[in-house]
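Chains as they are written, first to last, in this note's numbering: chain P, 8 to 316; chain F, 766 to 1044.
Keep in mind that the hints are not guaranteed to be accurate.
Derived coverage of chain P by chain F (criterion: at least 3 residues anywhere in the stretch with Cβ under 8 Å from a Cβ of chain F; other residues may be distant) [to be verified]:
id, region
1, 36 to 42
2, 77 to 84
3, 116 to 122
4, 139 to 149
5, 163 to 172
6, 237 to 251
7, 273 to 280
Hints in this document: simulated from the structure, not taken from any laboratory.
Even for Gly, the Cβ is constructed at its ideal location relative to N, Cα and C.
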Amino acid sequence: MTISQRIKKINPGYFFITPFILGFLIFGLYPVVNTVYLSFTNTTLMTGHAKFIWFDNFKNLFIDKMFVTAVGNTWFLWLLNFIPQLGLALLLAAWFTNVRLKIRAAGTWRMLFYFPNLLMPATIAALFFSLFSYYGPMNQILVRSGVLSEAVDFIRNPAAMRSLVIFIQTWMWFGWTTIIIMAAMTSISVSIYEAALADGANGWQMFRYISLPLIKPVLVFVLVTSLVGGMQMFDIPYLLTDGRGSPTNSILTNNILMYMKFRSSQGHIGAASSVGVMVFIMTSVVALLIFYLLRDKDSAAKKQAENKG
Amino acid sequence: MSSKNSLTFTRIGIYIILAIILIITIVPIWMLLVNATRSTTEIQNGIGIFPSSHMFENYNILVGKGLDLPRGFFNSLIIALSTTLVTVYFAFLTGYGIVAYQFKGKNIFFGAILVLILIPLQLSIIGYFRFMSKIGLADNYLSLILPSIAAPAAVFFAKQYLESIVIPDLIDAGRVDGCSELGIFHRIMMPIAMPGAFTLALFTFVASWNNFFNPYILISSRDKYTLPMLIQTLRGDVYRPEFGAIYFGLAASIVPIIIIYFLFSRFIVNGISMGAVKE
Chain P
8 MTISQRIKKI
18 NPGYFFITPF
28 ILGFLIFGLY
38 PVVNTVYLSF
48 TNTTLMTGHA
58 KFIWFDNFKN
68 LFIDKMFVTA
78 VGNTWFLWLL
88 NFIPQLGLAL
98 LLAAWFTNVR
108 LKIRAAGTWR
118 MLFYFPNLLM
128 PATIAALFFS
138 LFSYYGPMNQ
148 ILVRSGVLSE
158 AVDFIRNPAA
168 MRSLVIFIQT
178 WMWFGWTTII
188 IMAAMTSISV
198 SIYEAALADG
208 ANGWQMFRYI
218 SLPLIKPVLV
228 FVLVTSLVGG
238 MQMFDIPYLL
248 TDGRGSPTNS
258 ILTNNILMYM
268 KFRSSQGHIG
278 AASSVGVMVF
288 IMTSVVALLI
298 FYLLRDKDSA
308 AKKQAENKG
Chain F
766 MSSKNSLTFT
776 RIGIYIILAI
786 ILIITIVPIW
796 MLLVNATRST
806 TEIQNGIGIF
816 PSSHMFENYN
826 ILVGKGLDLP
836 RGFFNSLIIA
846 LSTTLVTVYF
856 AFLTGYGIVA
866 YQFKGKNIFF
876 GAILVLILIP
886 LQLSIIGYFR
896 FMSKIGLADN
906 YLSLILPSIA
916 APAAVFFAKQ
926 YLESIVIPDL
936 IDAGRVDGCS
946 ELGIFHRIMM
956 PIAMPGAFTL
966 ALFTFVASWN
976 NFFNPYILIS
986 SRDKYTLPML
996 IQTLRGDVYR
1006 PEFGAIYFGL
1016 AASIVPIIII
1026 YFLFSRFIVN
1036 GISMGAVKE
C-alpha cells in the first residue's frame, strides 16, 4: 500500500478532530503539567535556576494564613451570591413559565435582566467604585435624603465592600441563571401541569412537586458551573479596591492571591502555581461530591416523571 | 370571581416586583452612560437623569491625560475578531468530526471535552505564561488567540447544534458529486450551520472583549494594552479628579456590547439555553 492509500483508509473523523487534539496538547495540557511542575519548585521570574522543593510551596500556603483567608473569602463571596441568585432565578422562572399567571413580555423582561452579564467586569467594578466612593453619587443620595448624617467611606469598610462584591456578582448573574432555569421549565410537558391544575394543585405545589424535581439536572449544571466560576472570581474584587483585596483582606480571593504572588517584586511563579493547584483540587473534590450526592436522586425523579407522564 | 380577583392582585404584585428588579438592573448602567456626557462639575453637583453635552470635552480630557482609548479599542477589536474566527472555525470542525463520523474512541473523546470544560484557568495560566515566555510569545497577541483552537465549551456547543441540523443524505450527495470530506464541511455544512456559528461567534466575541485576566497576565507593553487593561488604569491618581472623563472611558468600553446585544439579543438568549438544557 502506498502512503496515500493508507491515509485514505483512515476514518476522516480523525482528521477533523486532530487540530483540536494538537491544540489541546500544546495550549491546554502542557501548561497544566507545567503549572503542576512549577508548584513543586521555587521558580521566580528573576532567577533562571530553580530548585525542586517538593511540598514547600504548599506548606507555606498554610503557614502564612493568607491562603486560608483567601479560600474562606472566596467561598463566602460565592455562596452568598449564589444562594440569592438561584432563589431569584427560580422565582422569576416560575413566574414567567406559569400557565395561570400569563406574565406579559416575559422574553423582554428576561432579556433586560440578563443584560449586566455581558458588560465588561472591569468596567462594572470601576463603575461601582465611583458610585460608592467618598464623594460619589451613593453618598450624595444618602446624605441629601437624610438617611445618613454624613458621608461614609464605603471603600474602606470591609463589610460594605464584601456586600458590594456579593451584590455585583448577583446582579451580573441572576439573569443567566433565570434563562437556563426557564429553558428547563419550558421543556416540561404542559400536560403535566394541566393534569395537576385539574387535580386542584396550587402554584406552589406545582412548582415544588413538578418543576423542581424535573429541573434538577439543570440545577446541578448551574451549581457546578457557578462553583467553578466562583472559585476563580477575580475581576470584580480585584478592581473594586486596590487589587490586594483591601480593606483588611476582606475581599482577597484565590485568584487575587495567585496574582499577587505572580506579580510580587520577585515574581514567585512557583508559589503562585501552588495556589492554582490547591484551588483546582478543592474545586474538583467539591464538584465531584455534588455530582455524587445528587446523582441517584436525579434518575429517581426522572423515572417518577416518566411514570406520571 | 374572587379567585380571579386574587389572581389579578398577584399579577399586579409581580409586575411591581419585576419593575423594581428592572430599575436595579438598569440604573447603574444608565448613570454610567449619562455621566459620560456630563462635566465633572455637573457630576459633583448632583445626580442627573438626563444626558448633558460634555461628551467630547470628556473625551479630550481623557486623551489629554495620556489614555490612548482608540488604541485600546483597536487592540481589543483585533484580538476579539481573531479569537472569534479561530474559535468558531475549529469548534465546528471538531464538532462536525464528532457528529458526521463513526470512529473508535469517539465517545471517550466527547466525554473528555465535557470534563475539560470544567478545568479552571487557574490550573494552566502560570504554566502557560512560562511556556509563552520561553518560546517568545509572551507580550504577543498570538498567545491570547492560539488557545482558541481547542476551546472545549465551544466544541460542545457546535456539536449540539450540528446534531440538530446535519442531514446524512446531503453529505452522501456531496460525496457522489466528488466533494472531498473537508469540501463537504466547507461548502455544504458550514452554510447550513451559519445561524449556530453566528450565535457562537457572538458569545466568543463578547467573552474575548471583556476578558481581563489573560491579557493582564500575558501582555506587558503599554501600547499593546487591551481595553479592560486601560480601564484598570483609570483608577489611578492621574485621573482621580476628572469624573466625567473616567465615566466616558468606562462607557466607551461597554457601548459596543450594548449595541451588539440590542441587535442580536434573540440569538444570545436562545444560545444560552441551547448549551445547557440538551443533555
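Run through the hints listed earlier and report the numbers of any the structure violates, in increasing order. 2 and 5
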